[in-house]
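**Q** Line order of the protein sequences matches chains U and C.
Sequence positions in the first sequence follow my numbering and run 1106 to 1344.
Sequence positions in the second sequence follow my numbering and run 197 to 401.
Warning: the hint list may mix true and false statements.
Said to hold, decoys possible - Cross-link-like lysine to aspartate or glutamate pairs, in silico, EDC-like; alpha carbons within 16 Å at most:
#, chain 1, residue 1, chain 2, residue 2
1, C, Lys368, C, Glu290
2, C, Lys264, U, Asp1266
3, U, Lys1186, U, Asp1243
4, C, Lys264, C, Glu201
5, U, Lys1311, C, Asp228
6, C, Lys264, U, Asp1267
7, C, Lys270, C, Glu390
8, C, Lys316, C, Glu301
9, U, Lys1246, C, Asp228
10, U, Lys1186, U, Glu1237
11, U, Lys1275, C, Asp228
12, U, Lys1310, C, Asp228
13, U, Lys1137, U, Glu1160
Said to hold, decoys possible - To spell it out: a stretch of chain U is covered by chain C in this simulated footprint if at least three of its residues, at any positions, have a beta carbon under 8 Å from a beta carbon of chain C; those stretches are:
#, region
14, 1234-1245
15, 1252-1258
16, 1266-1280
Bear in mind the hints are in silico, worked out from the structure with no lab data behind them.
Since the model is a prediction, treat every value here as computed from it, not as a measurement.
Just so you know, even glycine gets a beta-carbon here, dropped at the ideal spot from N, CA and C.
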Amino acid sequence: MPLERKNPDFYRATKEYVLRAHQILKEPYELKKSLGQMAERLDLPVNPFFLLIVENLEKIKDTTEYETCLVLARSDETISKHLDKLVGTVHTTRLRLNSENLMTNLLLWFTNDSTLSHFELSTFNSLYHRIENFFYSDCLKVSVVSPLWLFSSEVSYVPLDDNLNIRPIKPDEMADLRRFAWLPGPVSAMLYQVRYVLDFSFWMKKSLVRVKNLMCHLVKGLMCHTWKKHLTDYVHFEY
Amino acid sequence: MPYMEKTFDGLCALRILRSGDVSCLTMIERPDNPFGGLSLTTEFRGHIFGQPYELLRGDVGHLQSIYKLIEHQKDRMGIAMRRLNQSYERRSLEDILIDYIIAFENLYLYGEGPGEKRFKLSHRAGLLLSSLETRIEERRKRYEQVSSFIQKAYDERSTIVHGGPRRKRRLKVNEDSINKLGDYLRQSIRLLLENPEPSLTNLMF
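With the rest of the complex left out, here is chain C:
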């Protein structure tokens, strides 16, 4: 229903803004009439015990702009945002990893044919996320960190989904690594919401 979509957009904006296990306990329709009548519309699908979410005073403007941008980018980035939201309902870290990688693929490999996905994904994510650094050395260092981390995450996701031998330098799936990957995903969504078609040439030089 449209009102559910709008409410979920608000929740999605909060989740894109920062980490923390915020979720809607339920939705209650309250018709504004003197004779009452209310109903419960959804079930709780979040984590009972999780990391608290705090909205800071300085975040408000950013949250509002994310919320507005979400509406315009639903066709292009809908899968990424849906997978981010679904990851909040998962109990298994491996499932969260799979959700995150699908979201990354939607963001960085949208409209791409097969081949070199691992390289393209990690390279583009590295370029975009390192663009936040102003100094060239820091940018290079950041690029290395992000692209190598995402390559490992991509490999781990392939092993989980397809089976087969694990690489030597593999990603250890634990809360820290999943949180780090989640932060990269949130940063990517935020940057791509603001600039949906970044020029890779501009990012490189």
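In isolation and in its complexed conformation, chain U is listed as follows:
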């Protein structure tokens, strides 16, 4: 039985937008692949598909599918609440979403080697499900990953409690760490030798902040932290 979508029109429009954009991206993707120009082959810490999309963005923007999807995103009450605001939590990173980077990021989310080669509805649906969760949920799941230096283990997974565990580092986390290769001193070189991480995951209330209200929000966050009231912002979090 198909899942009930929060906004079936936006779901359909997103699917058509992704399919159309992938048609446009296919040729340059194949060409870059055959020329070996993808950034990953050059060992750059940049998502190669981001470069691919940005290079072809004007062509993608000219399509009716792009326009339809954008109009539906703007007209959806919940999705539009996120636009032109900083999305995050009281304590964690705030990501600014606007109409244009929403469409670019949306496409990036659905684009990888496998989806560009062959569209599969089940893969699309599971990826879309996370988009829906992000927009329609009041909470954000945050994972705090701490690479363990000089550490090795005979056991690959060690749960310490429901939220905290020790496990091997994942390739995407290693890629994230490489984005911090500007770290001072030898730390950036040390990142490559990390095998395990301490992973602490928790849910927090989502906050949407207008840029002009940012200072008030930061002060509020600081005061919450100072007064040790920040725990009230946590949900699904047991002490």
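Starting from the known structure of chain U, fit chain C onto it as the hints suggest.
**A** Showing chain C alone in chain U's frame:
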């Protein structure tokens, strides 16, 4: 922040379990959202070159129980655990010695008034750590070893902090002696986490 505290508790449990210079390179927040956004939250404060740490299969249950106990004993043994953690950031062996002795004082002299600290500390540590031995002779021998070693360490710490003449039978501050003191501290924390108020009468007889 609470998540930092929980992560540091996990790290602290690893450090209490066994020796080895394990540390967190950094902390990276990764919100689970499709539009990315991550940030780095702490700086690296460990030893680049150090003794590797290996978690053995048989250690896992013990590690989990230490982690659970840490949370309940933070008020009572918080200073000892904090000093143990801080010792991993020190470059000087003398600073590590000072951290360790403060941790020992927190464990064995908690709530005590002034006077006879050196004796009380070494005596209690000797009693507790020798309680692991089953045979009386071995227990006595162990008591002597631990209490005399801790007395020397306490004296050395006093000389470092307050200055003054050194005793004849003093502790040589080197990697071996610091590692030995660290092992005693870890054993003490482990035993006191499991049994926060040990009866000294039971330990003696």
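**Q** Under the constraints set out in the numbered hints, which ones does this structure not fulfil?
**A** none
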